[in-house]
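Chemist: In our numbering, the protein residues as written are 134 to 327.
Note that these hints are calculated values from the structure, not bench results.
All of these numbers come straight from a predicted model, not from anything done at the bench.
Take the hints with a grain of salt, since some may be wrong.
Stated by the list, open to error - With a cut-off of at most 25 Å between alpha-carbon atoms, the simulated DSS-like pairs for lysine-lysine come out as follows:
#1 K269 <-> K233
#2 K252 <-> K271
#3 K228 <-> K204
#4 K233 <-> K271
#5 K293 <-> K218
#6 K250 <-> K204
#7 K153 <-> K254
#8 K252 <-> K218
#9 K181 <-> K271
#10 K163 <-> K228
#11 K181 <-> K233
#12 K293 <-> K181
#13 K293 <-> K254
#14 K218 <-> K181
#15 K233 <-> K153
#16 K250 <-> K233
#17 K153 <-> K228
#18 K293 <-> K153
#19 K204 <-> K324
#20 K218 <-> K228
#21 K254 <-> K269
#22 K250 <-> K293
#23 K293 <-> K324
#24 K269 <-> K181
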Amino acid sequence: MTADTVIFDLGNVLVEYDWKSCLASFGFDKETYEVIANAVFLNEDWEKGDAGASPDEWLALFIENAPEYEKEIRRVYEELEGCIKSYIYTPNLIKYFRDKGYRIFYLSNYSEYLYEKTKDKLSFIETFDGGIFSYKEKCIKPNRAIYQILLERYDITAEKALFFDDRPDNIAQACELGIQGILFTTETVNKILG
């Protein structure tokens, strides 16, 4: 069945999610770096933001993980947009599929707070036909329901959709629903754009 729709994840597909460089930019000592990495980025509470926790709730969860580092956590949180960087290839990749007549959507685990801080870097999604942010639906990938919301809301035929994501578990769930999942790596861009 010929594909007529492309669905993109955002982080590490159309924008770079690089928390390590972001955290390193604060110049903390090794111990502080590790405590904050574990309290914020490597903690299951990160996903609670993607699942719909409000900005204040999200920050409180991080502080709870390392209360003695509250000042440093607040500082990192205030500059969290440093985690998201633009990829040079993104406009060309979108144009490639648009020129071939594909409908284009996004399906992304993203928190409300990070979206508000980085929407300028995501301005390309305004050219899309639609999409889903996990925080709005209070449901994150690879939960089957978030894929079904996207398919139903935009009348997408699963078998006619290509889905690019950098995480194997998200691809596996898409494939279970009949979507053509493609694990995204830096090589993927070279293969598509030559």
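Chemist: Check each numbered hint from earlier against the structure, then list the numbers of those it violates in ascending order.
Modeler: 1, 3, 4, 5, 10, 11, 12, 13, 15, 16, 17, 18, 19, 22
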